[in-house]
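Given chain A, put chain H in place with the hints provided.
Line by line, the protein sequences are chains A and H.
Start counting at 1 in the first sequence, then tack on 89, and there's your number in my numbering.
Start counting at 1 in the second sequence, then tack on 89, and there's your number in my numbering.
Derived by calculation from the structure, the hints in this document are not laboratory data.
Wrong hints could be hidden among the right ones.
[As the list claims (entries may be wrong)] Not everything, but these chain A residues come out facing chain H in the computed CB check (under 7 Å): (1) Leu344; (2) Glu358; (3) Ile361.
[Unchecked claim] Here are the simulated lysine-lysine pairs, DSS-like style, with alpha carbons at most 30 Å apart: (4) Lys255/H / Lys232/H; (5) Lys153/A / Lys386/H; (6) Lys153/H / Lys296/A; (7) Lys386/A / Lys165/A; (8) Lys199/H / Lys232/H; (9) Lys287/H / Lys386/H.
Because the structure is a prediction, the values reported are computed rather than measured.
Virtual Cβ for every residue (Gly too), placed ideally from N, Cα, C.
There are 2 protein chains.
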Amino acid sequence: MTNRQIQLARRPTGAASADDFRLVETPAPEVADGQVLVQVEYLSLDPYMRGRMDDRRSYAEPQKLDAVMTGVGVGKVIASKHATLAVGDEVVGTFGWQTLALSNGRGVRKVDTTHVPLRAYLGPLGVPGISAYYGVHRICRPKAGETVVVSSAAGAVGSIAGQLAKQAGCRAVGIAGGAAKCRHVVEELGFDACVDYKAGNLAADLKAATPQRIDADFENVGGEVLDAVLRRMNAFGRIALCGMVAGYDGADVPLHNARSLLTNRLKLEAFIITEHLDVWPEAIAALAPGVASGAIKYRETIAEGLENAPQAFLGLLAGRNLGKQLVRLA
Amino acid sequence: MTNRQIQLARRPTGAASADDFRLVETPAPEVADGQVLVQVEYLSLDPYMRGRMDDRRSYAEPQKLDAVMTGVGVGKVIASKHATLAVGDEVVGTFGWQTLALSNGRGVRKVDTTHVPLRAYLGPLGVPGISAYYGVHRICRPKAGETVVVSSAAGAVGSIAGQLAKQAGCRAVGIAGGAAKCRHVVEELGFDACVDYKAGNLAADLKAATPQRIDADFENVGGEVLDAVLRRMNAFGRIALCGMVAGYDGADVPLHNARSLLTNRLKLEAFIITEHLDVWPEAIAALAPGVASGAIKYRETIAEGLENAPQAFLGLLAGRNLGKQLVRLA
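Pulled out of the complex, with its shape left as it was, chain A reads as follows (with noise of 0.2 Å):
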């Protein structure tokens, strides 16, 4: 038996690529006392990923060189020596990008699949579930009838956020890359309205989205189009800011409205959705019985085997997926 694994092989200078990253083939590890193996069935990618890959001072250390990709995934216990998790035992951790994850169980917790799929747990029950959850009701704190926005709309975070506001009595208005994301957003996700930021009219188009202006933001993006959000904001209006994926590629994206900021009394607000444990329990409880039920819509874009994940990744940072971008690897 053996593990695969794919390293940060170069930082990449500019855009990444796939030479960025290597395959790698090792032996099985040895399970310790205290340990267990998992075989991971799921990985999640995800932008934060791109930052980490460059060695700059952010809220988590760099991905190492030459060591195994770092993220989470969902598997099976497949051998224990641990006292609390036992074979078989379905996970969710911080595997890494790779077939077979040792463990001592820090951080691996074990959940419950009756009525959801195991890689429910990476998607609208995992970081993009609870990041939508905590933003919506800890940051905008919508009220019925006023407008969110959420950017990256078909995203595994903007899809949820998005039909919480909803859930809130609020008019939801997507911004999303290209037309079938926008009809995505509409008509599946039941947005009241999805503006193209591809088709080259964002600050015309966003503003006919929402006549009685902006309310709250859920903000994956930055750059443009949080300037063009920041143009139609109201009065004591909310910002979550949980993404930023302009710009993750280094480049400098300049904000060109941030003095609506003042002139609207605006409250912005940036989190890690995993420095928010505390909201973890509450979250789960409120999503996972619409995740079941099927009334929370969530999507998923799965590459098939660890060799694609470079590529998959990169399709993720040029907005290429629709929903949660995962990786099956068993």
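The following block gives chain H in isolation, referenced to the frame of chain A:
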């Protein structure tokens, strides 16, 4: 008896100039039932006035053309047909840039000058002081030992904000324009350090002045000053956005380091102190003893005579004042 007033003669294109204003003499107004006539003693000049001279959407209506410039002043009631305001009362109100102001009493507050001079209600006990109090204690919420940066540190708001940060046990670091202002900020106001942004090494000088980086920022400037601060923020930092003098003349002032908001999980909140009237009694009670005793230091730059108000205002926009810019009218 005649009233003299400064009107807005035209809207500026780019930087404001003296020709945008017009001095007009009108007969003293008649006092009708329910009204008072106030002889204005001091007029307050404030950067926000520049924004109102433009015809663009902001938190307040634009200043009307050919009408008296809006502004807050202090003075004495010299005629009254009002139920609760009597001749001789000392009052604060939005009296405009004029020597005699007719009022129905709305928004006019009688103030106590037993221990402090009347004009203190335009400075440390008025909008500037209470803005400082709100931004520091409701948004920055500094803990002892933290580093608080204050831009426009020699200004009416910043000077008080830094002293409140010192009172809270913090390292207070000012940013101001010019060596004289910086000396004043450190030697007279008691800040721990002050960076002269006009010296041309803002980023490096701010780095040297903030060895523990920055936990909270009381922001009055925006633009490159805010960019330099963003580059030095610690995780979970707070930014009280009180003003953005950079760009008041309509110039595009792009922000390049907005990414720091995300990577450092910052909280930014903008405010206009007149929308938080609930905090005024608490703030005045907290500030008044220090103002009366001299423990809270404040400076005033006083122009003589209404006719000099436009030049004083342009000087304020160019940063030529030290502390609160007032105009003595009587």
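Hint by hint, here is what the structure shows:
Interface restraint check for Leu344/A: the shortest CB-CB distance to chain H comes to about 4 Å, inside 7 Å, so the restraint holds. For Glu358/A, the suggested interface contact is upheld, since its CB lies about 5 Å from the closest CB of chain H, less than 7 Å. Restraint check, Ile361/A versus chain H: the minimum CB separation of about 6 Å is within 7 Å; hint holds. About 10 Å separates the Cα atoms of Lys255/H and Lys232/H, which keeps this hinted pair within 30 Å; it holds.
A C-alpha spacing of about 52 Å is found between Lys153/A and Lys386/H, which places the hinted pair above 30 Å, so the restraint is violated. Only pairs whose Cα atoms come within 30 Å are accepted, and Lys153/H paired with Lys296/A is accepted, the gap being roughly 27 Å. A threshold of 30 Å between alpha carbons decides the hint, and for Lys386/A with Lys165/A the separation of about 26 Å falls inside it, so the pair holds. Note on Lys199/H and Lys232/H: the hinted pairing is violated, with a Cα-Cα distance of about 35 Å set against a maximum of 30 Å.
Using a Cα cut-off of 30 Å, the hinted pair Lys287/H and Lys386/H holds, with the two alpha carbons roughly 24 Å apart.
Checked against the numbered hints given earlier, the structure breaks hints 5 and 8 and satisfies all the rest.
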